[in-house]
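Novice: Throw the hints in and build the complete structure from the sequences for me.
Chains as they are written, first to last, in the numbering used here: chain A, 1 to 371; chain B, 1 to 371.
Hints should not be assumed to be uniformly reliable.
Stated by the list, open to error - To give an idea of the interface, some chain B residues facing chain A are shown, with a C-beta separation under 10 Å as derived from the structure:
(1) T29
(2) K137
(3) P229
Hints are computed from structural coordinates only; laboratory data are not their basis.
Quick caveat: nothing in here was measured; it's all calculated off a predicted structure.
Even for Gly, the Cβ is constructed at its ideal location relative to N, Cα and C.
There are 2 protein chains.
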Amino acid sequence: MSFLQVTYHIDGAPEEAAARAEAVLLEQTVETPRDVALRHEFVRAHMMGSIREMAPLEDGRGLRVTLSLPTVTASVDAAQFLNVLFGNSSMHANVRLENFVLPEQMQGLFSGPKFGLEGLRAATDVQHRPLTATALKPVGLRLEEVAALCRTVAEGGIDLVKDDHYLADHPFCPFEDRVRACLRAVDEAAERTGRRTVYVPNLSGTPDQVRRQLDFAQAQGVGAVMLAPMLLGLPFFYELVHERLEVPVLAHPSFAGSTRIAEATLYGKLLRLYGADAVIFANYGGRFSFPQETCGQIAETLRQPWGPYRPALPVPAGGMQTERATELVTFFGLDVMLLIGGSLLSAGPALRERTREFIESVERAALTLST
Amino acid sequence: MSFLQVTYHIDGAPEEAAARAEAVLLEQTVETPRDVALRHEFVRAHMMGSIREMAPLEDGRGLRVTLSLPTVTASVDAAQFLNVLFGNSSMHANVRLENFVLPEQMQGLFSGPKFGLEGLRAATDVQHRPLTATALKPVGLRLEEVAALCRTVAEGGIDLVKDDHYLADHPFCPFEDRVRACLRAVDEAAERTGRRTVYVPNLSGTPDQVRRQLDFAQAQGVGAVMLAPMLLGLPFFYELVHERLEVPVLAHPSFAGSTRIAEATLYGKLLRLYGADAVIFANYGGRFSFPQETCGQIAETLRQPWGPYRPALPVPAGGMQTERATELVTFFGLDVMLLIGGSLLSAGPALRERTREFIESVERAALTLST
Numbered sequence: 001m002s003f004l005q006v007t008y009h010i011d012g013a014p015e016e017a018a019a020r021a022e023a024v025l026l027e028q029t030v031e032t033p034r035d036v037a038l039r040h041e042f043v044r045a046h047m048m049g050s051i052r053e054m055a056p057l058e059d060g061r062g063l064r065v066t067l068s069l070p071t072v073t074a075s076v077d078a079a080q081f082l083n084v085l086f087g088n089s090s091m092h093a094n095v096r097l098e099n100f101v102l103p104e105q106m107q108g109l110f111s112g113p114k115f116g117l118e119g120l121r122a123a124t125d126v127q128h129r130p131l132t133a134t135a136l137k138p139v140g141l142r143l144e145e146v147a148a149l150c151r152t153v154a155e156g157g158i159d160l161v162k163d164d165h166y167l168a169d170h171p172f173c174p175f176e177d178r179v180r181a182c183l184r185a186v187d188e189a190a191e192r193t194g195r196r197t198v199y200v201p202n203l204s205g206t207p208d209q210v211r212r213q214l215d216f217a218q219a220q221g222v223g224a225v226m227l228a229p230m231l232l233g234l235p236f237f238y239e240l241v242h243e244r245l246e247v248p249v250l251a252h253p254s255f256a257g258s259t260r261i262a263e264a265t266l267y268g269k270l271l272r273l274y275g276a277d278a279v280i281f282a283n284y285g286g287r288f289s290f291p292q293e294t295c296g297q298i299a300e301t302l303r304q305p306w307g308p309y310r311p312a313l314p315v316p317a318g319g320m321q322t323e324r325a326t327e328l329v330t331f332f333g334l335d336v337m338l339l340i341g342g343s344l345l346s347a348g349p350a351l352r353e354r355t356r357e358f359i360e361s362v363e364r365a366a367l368t369l370s371t
Numbered sequence: 001m002s003f004l005q006v007t008y009h010i011d012g013a014p015e016e017a018a019a020r021a022e023a024v025l026l027e028q029t030v031e032t033p034r035d036v037a038l039r040h041e042f043v044r045a046h047m048m049g050s051i052r053e054m055a056p057l058e059d060g061r062g063l064r065v066t067l068s069l070p071t072v073t074a075s076v077d078a079a080q081f082l083n084v085l086f087g088n089s090s091m092h093a094n095v096r097l098e099n100f101v102l103p104e105q106m107q108g109l110f111s112g113p114k115f116g117l118e119g120l121r122a123a124t125d126v127q128h129r130p131l132t133a134t135a136l137k138p139v140g141l142r143l144e145e146v147a148a149l150c151r152t153v154a155e156g157g158i159d160l161v162k163d164d165h166y167l168a169d170h171p172f173c174p175f176e177d178r179v180r181a182c183l184r185a186v187d188e189a190a191e192r193t194g195r196r197t198v199y200v201p202n203l204s205g206t207p208d209q210v211r212r213q214l215d216f217a218q219a220q221g222v223g224a225v226m227l228a229p230m231l232l233g234l235p236f237f238y239e240l241v242h243e244r245l246e247v248p249v250l251a252h253p254s255f256a257g258s259t260r261i262a263e264a265t266l267y268g269k270l271l272r273l274y275g276a277d278a279v280i281f282a283n284y285g286g287r288f289s290f291p292q293e294t295c296g297q298i299a300e301t302l303r304q305p306w307g308p309y310r311p312a313l314p315v316p317a318g319g320m321q322t323e324r325a326t327e328l329v330t331f332f333g334l335d336v337m338l339l340i341g342g343s344l345l346s347a348g349p350a351l352r353e354r355t356r357e358f359i360e361s362v363e364r365a366a367l368t369l370s371t
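Specialist: Next comes the structure, spelled out in structure tokens:
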């Protein structure tokens with residue numbers, strides 16, 4: 001029999017936390033009193049799971065508990081997997097999902113990133129340094145303003161320029177017009193610079209709306225797309241990746257919450273497993289509060305070898321400054337995308353120049369690191 | 001101009017929390033430094049939003065902050081609404097979404113429950129007492145066992161019997177076979193009792209899988225369906241309700257988390273807004289830790305008058321005991337569905353009798369309450 005191993009941190013004094021571990025085991029499998037479940041032979045033989053390991057947490061606040069949950073129930077579909085991983089127990093305020101180990105028998109359910117880190121390097125033609133990216137914002141820019149901004153950063157040499165995640169199909173800047181205008185802008189810049197920036201539209205809406213946007217964007221020839229998997233739903237994200245995606249996809253963290261799933265597991269494993277080629281996360285020292293160590297773990301988890309799954313590209317973001325390029329490259333290494341929005345945009349008329357300086361500082365930092 | 005009013009609780013000493021309030025305002029609107037946003041006339045005029053109210057929290061731990069966020073950006077689609085409500089700020093560990101007021105101008109985006117509380121009363125033909133429900137579990141029951149269980153509780157007179165949320169399209173109990181077998185079981189019971197229990201299958205998978213399941217179940221004549229909107233994605237749930245649903249839908253709380261969106265707002269407002277006819281939540285005194293007051297608020301919020309939206313039915317659940325029927329009816333009133341799983345199932349061979357006693361205790365409690 002094959003098992004999915006899932007590790008939770010459970011708060012509480014040892015006996016209390018141990019009792020909760022048993023409760024989580026039942027909650028994530030049979031969801032009935034144990035004696036009810038044991039009455040049925042097939043359930044008893046195949047569904048019960050077990051507590052595999054239980055050890056005190058370093059901070060003394062509870063237990064690290066690893067459960068073996070039956071693959072036979074978790075592997076049925078992309079929603080059921082989440083259900084077994086952290087369905088009802090997500091409502092237990094004292095339980096945090098720490099990690100999981102996917103058994104080989106389940107690797108067929110997921111194909112992971114379709115393009116991954118190498119696919120993004122190929123799409124941008126950047127091989128030996130971090131990728132650079134910026135965002136088109138604020139929401140409320142009219143079509144011509146968005147296109148002008150896109151052209152300017154493309155002329156400055158940025159590798160990717162993405163829609164802000166607040167750019168949806170607004171009447172004042174409709175999706176299809178924006179995709180056309182931005183592709184024209186990066187083409188015009190390419191004629192002058194000889195290098196084509198990858199424009200990345202943001203997809204938003206219900207599954208039908210998002211599918212239409214993706215089809216349109218791909219038909220127009222975009223080099224990548226972005227969407228927020230936790231907002232749109234991981235099972236839908238999975239379906240889109242498996243059945244329709246022809247270019248790399250950047251995962252945006254909107255609506256991802258912050259406290260009940262370990263960051264390295266959510267951003268590093270789950271999003272990669274469901275098919276993100278690059279994962280944007282709230283970097284340390286920015287507008288959000290993830291510690292530096294956590295950010296390092298997210299990046300490592302995204303890139304490390306994992307079964308049949310391509311490595312994905314970490315994208316630390318959320319209030320980064322161009323001045324931090326050297327520090328960030330030193331910390332994250334070469335396989336990273338540096339996404340800098342507001343700090344670039346605040347350059348105003350000097351935006352093209354500031355963009356060029358940003359790229360050059362990344363190139364220098366990469367050279368220093370490589371030698 | 002029209003605004004969506006959103007209230008957050010922000011932790012911190014007064015000055016610190018006030019600075020965070022300004023940061024949340026920028027984060028949930030233009031997501032750039034204020035001076036960058038103000039450079040653009042349309043943005044300045046239509047996108048900035050404002051802090052409408054700010055007051056110390058009763059417990060002294062922070063501020064209650066109400067923001068006015070521009071409807072023009074929030075109302076574009078069912079994903080963008082969540083994005084503006086609690087997109088990036090969900091990553092701020094010190095920010096909790098408390099509440100929102102939907103302006104009339106946005107009510108056209110949502111149609112809320114298609115059937116609602118009254119639709120569920122009509123579907124079950126129960127008018128003057130709480131609805132009773134139970135679950136088919138544990139996962140791992142074979143087809144014949146599920147059908148037998150379904151028949152027994154139907155003969156006992158239960159109003160609704162739903163699949164456990166862990167029942168997906170498993171090879172050992174496939175979805176379509178289960179729907180057929182359970183409908184046959186409730187029909188057979190109806191021939192003996194004269195009353196037809198509503199069987200509620202659980203829908204799980206990617207959007208395409210769930211659509212196929214829904215189409216099949218509706219074609220077979222089920223009286224209601226269940227799914228987990230936070231697991232499948234709220235925008236997909238919205239689309240399913242608006243475009244395909246022909247019977248009431250019960251929202252299951254799996255993957256809903258517990259701590260960063262006020263329970264009454266998540267279960268009471270958001271799920272109703274997106275179209276749930278009945279909302280299952282973790283009741284006080286069960287396997288989860290929601291306080292009684294919170295449960296009361298969820299129920300009130302689901303049922304209270306709200307613009308054009310039908311009232312939805314609260315479904316307190318999660319380790320309820322049949323013995324608590326009187327207490328629960330007294331607390332929640334008549335407009336409630338009592339969902340009792342394990343406690344009924346543990347009756348074993350006495351299940352039909354225990355089911356009948358459960359219904360009778362609800363009828364007695366309702367009579368006492370009405371007189």
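Novice: If a hint holds in the structure, say so; if it does not, say that too.
Specialist: Results for each hint:
1. For T29 (chain B), the interface hint holds, since its Cβ comes within 10 Å of a Cβ in chain A; the closest pair sits about 7 Å apart.
2. With 10 Å as the threshold, the beta carbon of K137 (chain B) comes within range of chain A, its nearest partner Cβ sitting at about 5 Å, so the hint holds.
3. Interface hint status for P229 (chain B): upheld, as the beta-carbon distance to the closest one in chain A is roughly 9 Å, under 10 Å.
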